[in-house]
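Asks: Each chain is listed here by its residues.
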Amino acid sequence: MADVQTPSETETDEQPEPQADPADARQPAWWRVSKRVLGYSLLLFFAFIFIFPFMLAIITSFKTQPEATQAPLDLIPSPATMRAWAEEIFGSGQVNFPRWTFNSFFITFIVTVGRILLDSMAGYALARLKFPGRQIVFAVIVSTLAIPAIVLAIPRFIVLGTLGMLNSYSGMAVPLAVDAFGIFLMKQFFESIPREMEEAAKVDGATVFQTFWRVVLPLAAPGLIALTILSFQGAWNEFLHYLIAAPADQSLRTLTVGLALLRGSQGQGLDFPVLMGASILTTVPVAIIFFVFQRYFIQGVAATGVKG
Amino acid sequence: MNELRRRIGQSEALSGWAFTAPVLIGLAVFLLFPIFMALYISFTDWNGISPPFQAELIGLQNYKDLLVNPGISRLDFAISVRNNLYYVLGVVPLQTSISFVLAVIVNQKFLRGKSFFRSAYYFPSITSSVAISLIFLFLFTQNGAVNKFLSVFIPGDLDVNWLFNANGVIHNALGVIGIETAPGFLATHGFLGQSWWEWLAGPSVALLSIMILATWTTIGTLMLIFLAGLQNIPVELEEASQIDGASRLQHFFRVTLPLMKPTLFFVLTVGIIGSWQVFDQVFVISKGAPQKTTITLAYLVYREGFTNFSMGRATAVAFILFVIIVIFTLVQRRFVNPDEV
Chain A
1 MADVQTPSET
11 ETDEQPEPQA
21 DPADARQPAW
31 WRVSKRVLGY
41 SLLLFFAFIF
51 IFPFMLAIIT
61 SFKTQPEATQ
71 APLDLIPSPA
81 TMRAWAEEIF
91 GSGQVNFPRW
101 TFNSFFITFI
111 VTVGRILLDS
121 MAGYALARLK
131 FPGRQIVFAV
141 IVSTLAIPAI
151 VLAIPRFIVL
161 GTLGMLNSYS
171 GMAVPLAVDA
181 FGIFLMKQFF
191 ESIPREMEEA
201 AKVDGATVFQ
211 TFWRVVLPLA
221 APGLIALTIL
231 SFQGAWNEFL
241 HYLIAAPADQ
251 SLRTLTVGLA
261 LLRGSQGQGL
271 DFPVLMGASI
281 LTTVPVAIIF
291 FVFQRYFIQG
301 VAATGVKG
Chain B
309 MNELRRRIGQ
319 SEALSGWAFT
329 APVLIGLAVF
339 LLFPIFMALY
349 ISFTDWNGIS
359 PPFQAELIGL
369 QNYKDLLVNP
379 GISRLDFAIS
389 VRNNLYYVLG
399 VVPLQTSISF
409 VLAVIVNQKF
419 LRGKSFFRSA
429 YYFPSITSSV
439 AISLIFLFLF
449 TQNGAVNKFL
459 SVFIPGDLDV
469 NWLFNANGVI
479 HNALGVIGIE
489 TAPGFLATHG
499 FLGQSWWEWL
509 AGPSVALLSI
519 MILATWTTIG
529 TLMLIFLAGL
539 QNIPVELEEA
549 SQIDGASRLQ
559 HFFRVTLPLM
569 KPTLFFVLTV
579 GIIGSWQVFD
589 QVFVISKGAP
599 QKTTITLAYL
609 VYREGFTNFS
619 MGRATAVAFI
629 LFVIIVIFTL
639 VQRRFVNPDE
649 V
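First to last, the protein sequences are chains A and B. Start counting the first sequence at 1; every next residue gets the next number (my numbering). Start counting the second sequence at 309; every next residue gets the next number (my numbering).
There's no promise every hint is true.
Pairwise CB distance ranges (calculated) [what the hints assert, rightly or not]:
#, chain 1, residue 1, chain 2, residue 2, range
1, B, 383, A, 64, 18 to 28 Å
2, B, 359, A, 132, 17 to 27 Å
3, B, 468, A, 265, 21 to 31 Å
4, B, 311, A, 96, 52 to 62 Å
5, A, 291, B, 372, 34 to 44 Å
6, A, 132, B, 555, 48 to 58 Å
7, A, 51, B, 405, 18 to 28 Å
8, B, 319, A, 287, 42 to 52 Å
9, A, 197, B, 555, 45 to 55 Å
10, A, 42, B, 319, 55 to 65 Å
Source of the hints: derived by calculation from the structure; they are not laboratory data. The beta-carbon is built from N, C-alpha and C at its ideal position, and this holds for glycine as well.
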């Protein structure tokens with residue numbers, strides 16, 4: 001797997017290289033060597049466990065259906081076939097993968113744009129603006145983080161039905177665009193950047209919104225990137241909400257819902273080359289974003305753990 | 309007039325509310341109102357089709373059907389609680405310990421290629437649960453990759469039918485030492501309509517496969533959280549330990565571990581909340597089969613609501629699940645108190 005590093009990653013995350021470790025030098029040589037051998041073996045073993053399933057899925061998508069079931073571990077498909085990709089996934093197969101892919105992208109886009117706007121505004125207000133009721137608003141937002149998604153499934157179905165939003169893009173996207181975690185993340189982020197620029201803008205007579213839009217948001221780029229990535233990943237991978245918000249309309253299926261229902265409809269005779277190919281297709285967009293922006297992913301997770 | 313507009317624009321009170329109003333309305337409509345609505349629905353016999361407020365109020369009937377009245381609802385609920393409990397008790401310790409060990413190793417100073425390992429481990433965590441479940445479905449088929457791979461190490465042809473095997477692993481283990489049937493008391497007595505022998509079955513082999521899948525996908529995230537915690541420990545403390553003549557191991561157990569307590573608390577909380585809610589994997593892989601041994605509470609909510617059209621009972625299950633999660637989180641807090649370092 002490619003080990004992409006952004007230039008600044010080496011400076012911030014990596015510790016200086018080994019040699020200068022006095023405690024290590026005091027240990028006997030056999031211990032130092034066996035410690036390294038053991039450490040690397042364990043890490044490589046787990047790296048294999050985590051990556052191999054994806055490689056096997058890619059390989060399987062080029063196999064024929066009988067070969068996929070009879071020789072699942074063969075690393076070179078023989079005969080190799082493009083059937084799964086050319087005919088079923090991108091061709092005119094029985095299921096509409098291109099449509100599912102479009103839906104996934106479209107909804108993910110709306111959710112992500114919505115979260116960037118709503119979460120950054122609310123996060124900024126909670127971090128900086130003194131308004132009556134701020135504490136209560138924050139408490140309410142944080143407490144919604146504790147509500148399990150499955151508890152909301154049925155009442156959301158009712159609310160969407162009442163508002164006439166069932167089986168529509170808006171019903172699939174809007175509830176996900178309101179997201180307490182993103183607000184929390186942006187509040188934390190805004191609190192970490194210095195106030196001076198805002199004060200200056202205020203003295204110059206800018207309105208709060210102008211200050212936010214022209215001064216604060218540009219400074220908040222790293223936070224916004226982290227939020228964008230998390231939103232993209234969350235909306236792209238979401239399953240339960242889409243399943244419930246658009247139960248009847250086939251043309252509204254996302255990749256996740258489409259795939260899960262396709263598996264259900266195939267029963268016992270599963271077409272593994274197609275299912276593996278489609279799983280890889282579902283994985284690729286998030287994987288690309290991960291490898292390009294992994295520093296932000298990792299910082300995002302680290303921030304939740306340390307500050308949360 | 310312009311002056312007034314400027315005044316309004318500069319008022320933090322007005323802007324504060326204006327900035328938060330969209331999310332507050334959204335949260336109210338799609339989160340807070342639904343929660344109260346769910347509570348109401350759980351006291352009705354709503355079928356999901358007729359207008360919800362015309363459904364008949366039946367008091368505590370749904371809760372009684374799940375917890376008190378003998379019948380299929382109570383039995384299914386008991387089975388789901390058993391499955392889910394084994395799931396949580398298996399997955400949470402497993403994923404927490406493996407990710408902690410990996411974080412400690414990745415944090416070692418001698419290690420090169422840190423970012424490679426970090427990315428490789430984290431990658432499964434960011435991918436779609438549906439896609440991952442399908443890949444595992446393929447790996448765990450009867451003549452699938454897992455069996456073929458294990459046959460290399462274990463003599464004989466291994467053909468565990470992972471995803472269709474309903475035998476509880478504790479029952480299997482007891483079978484090995486010759487206990488095939490329930491001792492009298494365990495068979496004749498029970499709880500919620502399920503005999504103690506059935507409660508003690510352990511997770512089925514099928515559920516175990518889903519547990520392996522869940523552990524596999526979560527380790528990366530938890531490892532990163534632990535790693536961030538480890539890197540937050542000031543280097544000075546290690547130097548101080550060295551000056552005091554403490555060994556590496558002493559430093560690890562006396563200094564590092566206690567300082568990791570808040571992180572451990574966070575990881576356990578996230579793990580417990582997440583694993584009680586397992587749904588996607590069950591939906592894709594097994595839909596509760598074989599013999600209901602992979603039905604979890606979240607899946608029961610979905611099944612009751614959207615395939616059996618008993619929305620009232622489904623929301624009652626959802627609320628009980630909510631209460632279970634809260635209780636587990638609080639109990640865990642008593643054991644790992646993050647405040648006393």
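Asks: State the violated hints by number, sorted upward, taking the hints as numbered earlier in the document.
Replies: 1, 2, 5
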